[in-house]
Each structure stands twice: as C-alpha cells, then as structure tokens.
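Each chain, written out:
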Amino acid sequence: MGEKWVLMKTAQTPTNIAVIKYWGKRDESLILPVNDSISVTLDPAHLCTTTTVAVSPAFQQDRMWLNGKEISLSGGRYQKCLREIRKRACEVEDKEKGIKIEKKDWEKLHLHIASYNNFPTAAGLASSAAGFACLVFALAKLMNVKEDDSQLSAIARQGSGSACRSLFGGFVKWIMGKEDDGSDSLAVQLVDEKHWDDLFIVIAVVSSRQKETSSTSGMRESVETSLLLQHRAKEVVPKRILRMEEAIKNRDFASFAQLTCADSNQFHAVCLDTCPPIFYMNDTSHRQALFYIFLFPLGVAYTFDAGPNAVLIARNRKAAAQLLQRLLFYFPPKSDIDLDSYVIGDKSILQDAGVEGVKDVEALSPPPEIKENAAAQKYPGDVSYFICTRPGRGPVLLSHENLALLHPQTGLPK
Amino acid sequence: MGEKWVLMKTAQAPTNMSVIKYWGKRDESLILPLNDSISITFDPAHLCTTTTVAVSPAFQQDRMWLNGKEMSLSGGRYQNCLREIRRRASEVEDKEKGIKIEKKDWEKLHLHIASYNNFPTAAGLASSAAGFACLVFALAKLMNVKEDDSQLSAIARQASGSACRSLLGGFVKWIMGKEDDGSDSFAVQLVDEKHWDDLFIVIAVVSSRQKETSSSSEMRESVETSLLLQHRAKEVVPKRTLQMEEAIKNRDFTSFAQLTCADSNQFHAICLDTYPPIFYMNDTSHRQLLF
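Sequence lines, in order, name chains A and B. Final position of the first sequence in the working numbering is 408; the numbers increase by one with none missing. Final position of the second sequence in the working numbering is 769; the numbers increase by one with none missing.
Worth double-checking, as some hints may not be accurate.
What the hints assert, rightly or not - Residues on chain B that point at chain A, a partial pick, calculated with CB under 7 Å:
1. 521
2. 523
3. 524
4. 598
5. 745
6. 746
7. 751
What the hints assert, rightly or not - Computed list of lysine to any residue pairs in SDA-like fashion (alpha-carbon distance at most 20 Å, straight line):
8. B/717 to A/218
9. B/717 to A/269
10. A/372 to B/761
11. A/233 to B/709
12. B/503 to B/765
13. B/712 to A/396
14. A/228 to B/708
15. B/712 to A/219
16. A/228 to B/503
17. B/717 to A/371
18. A/228 to B/537
19. B/712 to A/169
20. B/482 to B/551
21. A/233 to B/599
Hints were generated in silico from the structure; no laboratory data involved. Glycine included, every Cβ here is placed at the ideal spot set by N, Cα and C.
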C-alpha cells in the first residue's frame, strides 16, 4: 500500500518503593502474589521512565529500544503485555492526519517502542516496574484502550509484578486477588500524592560489587524453600496491610515507620530463610540500618529492597534536613566527588540542611547523639550517591513532540 | 576449730554447637526454651573448660577465678547453680584424710572455684556453656550428688541454657519440657560420640570488629518483636527435631546437612526479623556460606 503514516504517543511513569513487600508468587506465569503489598510512588521529576510507542503500516515487525539499545521483545513478559493490550485496542481516528485504524487492524500492525530511564538501571531502583508500567500506559493511550488504570495495572502486572503499582501516584496497594485467572489481582490508589506531601525520601545508592540474585528467581526459591514465608503471607502481612492503610490514612508517621522497618526486616529475614540463603543487605546496609534506628525519634523510617540500596522516608522537611546532615556526616563523598553529583534529585533540601558544597560537608559537626569524647566513625565511599525525592504522581502523557523518543516520520530512535 | 583441710575435685567439660538452634525463652528466670534443640559435643581435647572446686572450713566465702582472674559469684546464674547443687549435696567421707562432711554441713561451708578455658573467650565459642556445665559437674562430684547427668543438666540449664547440653557427649537433645517449674526441661544423649565418629569439624574463627552483644538480651528482643519466631518454635522446629534425630540415628549425612544449614539460616532470619534487627553474620560469613 505504501502508507507511511506514523502515529505515536509518549508517556512518562514513576517508579515506586514497597513499604509492605511483595515477595513470592502463587502463580509464576500470571504473576500473582502470595500477599498484598503497599508502595509509595516516587516523584517522576527525579526518577522516571519515558516511553514513546509508535504504530505504522511501514513497520515490518515489533521493535524496542531501551536506553538507546535495541532489545528483544520475544520474552514472555513483553509478549504478554503486547497481547493483552492489543486484545483491548479500539478504533483510533486522527482526522488531521487522515488516519483511521479499525479495531481489527491492530492485530496486523507493528509497533516501535523506545524507552528511557533517567536513572541508572544498575542502581537497582526498580527500573522494570517503571518500564512495564510505562509501556502498558503508553500503548493503552495509543490504542485507545478503554480500561481504567486499575485494569491496566492488571496487564502491567503480567510484565512485572511491582509495575502494577506504578500506574498510580501517592500510596498504592496491589491487591493479591483470589481468582486463579488473576482478574482480581490489580493495583488501587489508597491516597494521592498530595495526601501526605510532607514526606521526604532519600535513597542511598550503594555500590554493589556482587552480582545480585534476580528477584524473580530469588522469590521463587523463597516460596519453594522458606518455611517462614507462608506464615508471613497468611498471618503477618494481612494484619500489617490493614494497619498500614490506617497509618497512611491518618498520616500517623510513628506507626508508618514501625511497620515499614518491620516489613523490610522481615522480607530480608525470609530471604535468609531461603535455600540457598539470599543476602541482599551487606555490611554497609547493616551498618546503615542500625544507624537509622537511632534516627527514629527524628521521624525517619527505612526500607531496603532486593539490593543494598537504602530508602529513607522522613516525616517532614525538618526531619529530612536533619537526616541529610547525618547522612553526609557519616557517609561523606570521596575526595574527588563534588556535592552536585553526590546529592541529586530534589536538591532544595540541601539548603535546609545548610550544606551548599563539599566544604560544608567537611564542616558538619558530629550529631548531638554522639557522646562528647566518642570518635565518630565515618564511611566515605560506602554510598555512591543520594537521590532526594518526594511522593509523586502517576503516569502522564507527554504531548510535546520534542519529548518523543522516536522520530515522527521514521519511527526510529532519535 | 582451726580445721584446715581442703577437699577438691577437678573436672573437664566440653563445649557444644547446636545444629537445631535454641533461640528464645518461655521463662527468663528458669531458662526454659521455646523449642527443643539438638547439639553436637566437641572433643574436649581441643576445646574444653577445666574446673577445680574446693571446699574447706578455712574458706571465708565462696570465691571464683576464671582464667586466672577473680570474678564475682553474686550474679543470679551462679547463685542458682550453687543453691541447686548444695540442696542435693550428700554426705562425703574421705577416710584417708579423716574428713567427714555431713549433709547438713554443706550449707555452712564455702567453696573456692577456679576455671580455665583452653580457647579464647572473645572468640564467641560458647565458653559459658562449657563453663557452667563444668561447674555443675565438678560440684556434683565434690558434694556427692546422686543425680544423673540429665538431672544435673537441668541445674546447668538455669545458669546458661546451652550449658545443659555439655553434660553429655556425642549428639545431645535439650528437651524443652512442658512444666512451668522446668523439672522436665533437661538434656538427654541421643547417641554417643562413637556412633558417628567419621564426622570432622572445622571452625573458622572470624575476627569481629563490632561489639558483641549478649545473646540473652537479644533473644529476648526476638521473642518480644519477631512475628516469625513463634511459628518457628511451634511448627518448624518440632518437625525438624524429629527429622534430625532420624538423620543422626541413621548417619544420613545428606539429611543432616540440609537440616543443619536450614536451621542455621532460619535462626539468622529470626534475628533479622527482630527489632532492632540483629546481624550476626557479616559479609565474610555470607561469602563463606555461598562458597
């Protein structure tokens, strides 16, 4: 036919951090979890995935580029997402361009997808969560899918469990569901990002020299070998979920912090109870965890994911400033690193902390909790950098053509 | 009276390493555990405590020296041991020396105790287990106590839980018991040291820069804060204990290894599930374990 039109959409999705953890599936292919989980969505201004999806009769096959590099779409997870979205595609008409795609046409049309994370994939910051959420959301917009965000989350879930929670902002719950077909396993928003916008989040990205156990295989090993996991899933998590929902609703930071830390600890406990045992936390993480417990009275909670990074949640700006002072004191940058690349994201908090440059870091006095004559042990180099952020909004469409990752005429990466 | 005679006994007790772990008490003062535990006793030729106990009318007070340094016997654990053993003292006669101690005399007589570990206390090799076991055993011999080793283990238990398992060789089980007074919580020998003498044990002593905290207070924190511990104690350990007894009886190394590793992992998992979390294993331990 020689038609060369290209229709495209660009979307941006946030990533999220679980405060009540998802660890263990009851169904591997549909990605159905053994318990509910709750997460906080992070501000996409600091951490996000941007995805452009394009369709054209000129495209010969489905193709995808991730961070500029072409990758295969043949894997089960991508195939599921594409199939489930295509199933729900509707008629699309662009009167200006004179393009009309019937519902039945979608099957035969191919897609080009380009995706980009504004944070390093190696940092263990759940890039697949943001990635699959963005893919599903962008495709849904392109294909005029009528499903709401919760229903879309059930599709994203089949790409990556935690991706379903990135379809919403604020605090999100992934309902485990009861059905075997997973139709009732989806994400819902508990509260939006404005509900508790005092919260401030600092992520300590720790350099990891070890190869991390993939969370998919790790959690499968846990399900198969941990005798504590089922008890956690059946008895502990259901109660914690209810209490966490209450804490979030009431902005009860003390309860929120206690639950968040306890669930982080228990997740790592189940990892240790696995055969072979999984050690996501290393000495640096341990050191940090015990250190953060001292910051409890300040209003700081911690959670560690399937990797050595620490995510700290402060109850307000004041607590965040005090937290950052202590973090910079105990984990100063190595001598060749400037503050600008050591603390990234929402840098405004540095002003609150009275730290503008490396000299201010060196000038930081020992926190008051250090006894007068005790030598303060510092650990330069333990942390690669800090990311400062806030609870954030859910996925959005970007309308500006400049922001598209694919060329509007060729449909190839720019 | 001016009597200056001294009667003494010297004993040697081994240390032990649990393969099904004890972690968590149901009674703090009597030291009654939440679950059974099973241990293997180590050859005292390499790791042991030697204790000499002496009694004399010339002694003014109970005194103790540990590794050459005098220490206080006022703590609850020592007092429990001394009191329980004295209660069971019987008549002792040494015809050669012309000494006779009536049962009622023991109350008024004082003891000198010297104890020595042939392994460093700082190495975390359960010196208190060997130490209390030895103390109880030596005193029992000195005071002609009629109780058997299991009954003696119930006394040692009141000083240090794991000490009860050092009253026996080979593979030992500390039965958790049901009674509130702890009368049925003691150690029994599963098999002696000859039963499975092919086994060889290597202990890698890792230098620790961190301050070690007492396992007593930490295990209490686990009981109070870990939501997984009760499940372990009620559901997991009873089954594992049975499987472990079978494995030991049948010299089934594969099962023994699987159970031992799984229980070690789970113990550390419970520690992590505690508030504040307890990290006994460090990067070195992790590296070794995966290796």
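Okay, the hints, checked on the actual structure:
1. 521: Violated: closest Cβ of chain A sits about 29 Å from residue 521 of chain B, beyond 7 Å.
2. 523: 33 Å, violated
3. 524: Where the cut-off is 7 Å and the nearest Cβ of chain A is about 28 Å from residue 524 of chain B, the hint is violated.
4. 598: 23 Å, violated
5. 745: Violated - the Cβ of residue 745 of chain B stays beyond 7 Å from chain A, reaching only about 9 Å at its closest.
6. 746: It holds, given that the least Cβ distance between residue 746 of chain B and chain A is near 5 Å, below 7 Å.
7. 751: Nearest chain A Cβ about 4 Å off; hint holds.
8. B/717 to A/218: 17 Å, holds
9. B/717 to A/269: Since the Cα atoms of residue 717 of chain B and residue 269 of chain A sit roughly 18 Å apart, the hinted pair holds (cutoff 20 Å).
10. A/372 to B/761: It holds: about 19 Å lies between the C-alpha atoms, which stays within 20 Å.
11. A/233 to B/709: Given pair residue 233 of chain A, residue 709 of chain B holds - Cα atoms ~16 Å apart, limit 20 Å.
12. B/503 to B/765: 31 Å, violated
13. B/712 to A/396: It is violated: about 62 Å lies between the C-alpha atoms, which goes past 20 Å.
14. A/228 to B/708: 14 Å, holds
15. B/712 to A/219: 18 Å, holds
16. A/228 to B/503: 25 Å, violated
17. B/717 to A/371: 45 Å, violated
18. A/228 to B/537: 62 Å, violated
19. B/712 to A/169: Given pair residue 712 of chain B, residue 169 of chain A is violated - Cα atoms ~30 Å apart, limit 20 Å.
20. B/482 to B/551: 23 Å, violated
21. A/233 to B/599: This hinted pair is violated, its Cα atoms lying about 43 Å apart.
Checked against the numbered hints listed earlier, the structure breaks hints 1, 2, 3, 4, 5, 12, 13, 16, 17, 18, 19, 20, 21; every other hint is satisfied.
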